[in-house]
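Participant: The residues making up each chain are set out below.
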Amino acid sequence: MSGLASPAVTLVLGGARSGKSAFAERLVEASGFAKVYIATGRAFDPEMEARIEDHRARRGSGWRTVEAPLGLGAAIAAEARASRVVLVDCLTLWLTNLMLEGRDVPGEGAALVATLQRVAGPVVLVSNEVGLGIVPDNVMARDFRDHAGRLHQQIAAAAAQVFFVAAGLPLKMKG
Amino acid sequence: MSGLASPAVTLVLGGARSGKSAFAERLVEASGFAKVYIATGRAFDPEMEARIEDHRARRGSGWRTVEAPLGLGAAIAAEARASRVVLVDCLTLWLTNLMLEGRDVPGEGAALVATLQRVAGPVVLVSNEVGLGIVPDNVMARDFRDHAGRLHQQIAAAAAQVFFVAAGLPLKMKG
Amino acid sequence: MSGLASPAVTLVLGGARSGKSAFAERLVEASGFAKVYIATGRAFDPEMEARIEDHRARRGSGWRTVEAPLGLGAAIAAEARASRVVLVDCLTLWLTNLMLEGRDVPGEGAALVATLQRVAGPVVLVSNEVGLGIVPDNVMARDFRDHAGRLHQQIAAAAAQVFFVAAGLPLKMKG
Chain A
385 MSGLASPAVT LVLGGARSGK SAFAERLVEA SGFAKVYIAT GRAFDPEMEA RIEDHRARRG
445 SGWRTVEAPL GLGAAIAAEA RASRVVLVDC LTLWLTNLML EGRDVPGEGA ALVATLQRVA
505 GPVVLVSNEV GLGIVPDNVM ARDFRDHAGR LHQQIAAAAA QVFFVAAGLP LKMKG
Chain B
385 MSGLASPAVT LVLGGARSGK SAFAERLVEA SGFAKVYIAT GRAFDPEMEA RIEDHRARRG
445 SGWRTVEAPL GLGAAIAAEA RASRVVLVDC LTLWLTNLML EGRDVPGEGA ALVATLQRVA
505 GPVVLVSNEV GLGIVPDNVM ARDFRDHAGR LHQQIAAAAA QVFFVAAGLP LKMKG
Chain C
385 MSGLASPAVT LVLGGARSGK SAFAERLVEA SGFAKVYIAT GRAFDPEMEA RIEDHRARRG
445 SGWRTVEAPL GLGAAIAAEA RASRVVLVDC LTLWLTNLML EGRDVPGEGA ALVATLQRVA
505 GPVVLVSNEV GLGIVPDNVM ARDFRDHAGR LHQQIAAAAA QVFFVAAGLP LKMKG
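So the protein sequences, as listed, match chains A, B and C. In terms of my numbering, the first sequence is residues 385 to 559. In terms of my numbering, the second sequence is residues 385 to 559. In terms of my numbering, the third sequence is residues 385 to 559.
In case anyone wonders, no lab produced these hints; they're calculated from the structure.
With a straight-line cut-off of 27 Å between C-alpha atoms, the simulated DSS-like cross-links for lysine-lysine are:
| hint | chain 1 | residue 1 | chain 2 | residue 2 |
| --- | --- | --- | --- | --- |
| 1 | C | Lys-556 | B | Lys-558 |
| 2 | B | Lys-558 | B | Lys-419 |
| 3 | A | Lys-558 | C | Lys-556 |
| 4 | C | Lys-558 | B | Lys-558 |
| 5 | A | Lys-556 | B | Lys-556 |
| 6 | C | Lys-558 | A | Lys-556 |
Put together the whole structure using the sequences plus the hints.
Facilitator: Structural data, given as structure tokens:
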């Protein structure tokens with residue numbers, strides 16, 4: 385496992401149930417820094433509630449939790465500092481929320497990247513890779529994968545480290 | 385190509401038509417051990433029949449074939465021994481069968497992992513990575529990818545080697 | 385970034401919006417050779433038109449563009465020579481066109497691979513990995529991913545270099 389530098393951005397990509405969040409949490413735990421968890425998910429149905437509760441139970445104590453379903457960049461800027469790590473889980477839920485609210489997704493993505501480029505402490509961002517299946521039938525899903533793919537490219541370019549996680553195993557793509 | 389130790393578990397993950405089965409078969413052939421093929425697929429329609437026949441033709445002679453659409457752990461325990469390799473193709477069809485029969489999938493998965501941890505000979509398991517596309521619309525497909533992802537993580541943790549295959553090319557994730 | 389040899393085939397695989405085309409273009413630019421772009425896409429709707437325009441704008445000047453929605457092998461054979469690079473973007477659109485026209489896709493795929501094995505100059509082929517999501521509901525989509533997966537395996541076997549691109553970052557699978 386690689387260490388986290390401060391300030392530096394780490395992107396953790398992976399599929400559904402790939403173990404990406406658990407890997408990101410181990411990265412943060414291993415750093416020895418204080419820990420802030422920025423949750424982007426909204427518990428709008430029981431399935432989502434159960435997923436959020438699973439993540440909370442696994443993280444255990446010692447984390448401060450901040451909810452940021454839309455204002456992610458502002459939350460990162462407010463929380464990041466040299467002595468603690470901010471873990472964002474996950475970018476794909478944030479993109480979903482932006483799309484559901486009709487926001488300017490490319491504009492918000494660019495603003496997030498600009499925030500990450502001048503952040504005061506280590507930030508770890510978790511996101512789902514969603515572009516490796518058949519082209520989806522509906523426009524909204526195609527737009528979503530375009531937004532996600534573009535954001536991943538921009539954040540990866542700004543990041544010090546990028547991991548791709550499959551079956552709980554990290555593959556280092558950058559850093 | 386890496387060798388197979390005895391006893392040891394190897395997991396071969398890959399997408400549809402990625403060449404994962406052919407790669408796993410080459411691993412087994414290269415070991416020089418006797419060969420047992422555990423088939424989990426059921427020929428419930430002509431498309432599936434054709435896929436099973438393709439695989440059978442490619443494997444050629446020298447393999448003993450055991451069908452285990454549901455009782456996979458028991459079949460592995462019965463077949464594995466120091467002097468031969470057991471190839472399981474594939475975990476995702478086994479999960480599908482369990483779900484269609486209304487079985488306790490997490491319980492059966494945990495029992496399989498326990499069997500693999502005390503197996504008497506080399507075992508190679510092939511499975512489809514299915515979690516890298518857009519979130520599926522229907523609950524059954526979402527449950528399936530959750531089951532598959534969790535099982536892959538558990539088996540990868542117990543495995544000596546894990547490969548990810550794309551375009552017929554293996555990428556070693558562990559071992 | 386790795387260099388392009390002449391003659392030699394390079395395959396660049398990646399998901400939707402993974403940065404695979406931009407990476408392939410950088411490979412070609414870095415080679416210093418003259419540049420030919422073979423476009424397989426047809427602008428049959430405004431969404432597709434916009435994607436084609438995006439790619440054209442990014443490539444900038446210095447490229448000769450050839451359209452080959454169906455006759456890809458012949459176009460490669462006609463254009464390739466020792467002193468210039470042919471970039472094909474992308475194989476998955478070519479497969480789509482073949483399927484829509486009711487062509488013999490495996491036969492056309494085999495002929496393309498034969499062309500690539502005796503090509504006179506460097507060729508870079510871009511393609512979408514589409515087999516890492518849930519099994520699609522409809523037969524056409526399942527056939528498409530079978531055709532794509534088989535073609536990727538055959539081209540990867542013939543290629544000197546294969547890259548898998550995620551979040552704009554190349555992972556070398558071969559070469």
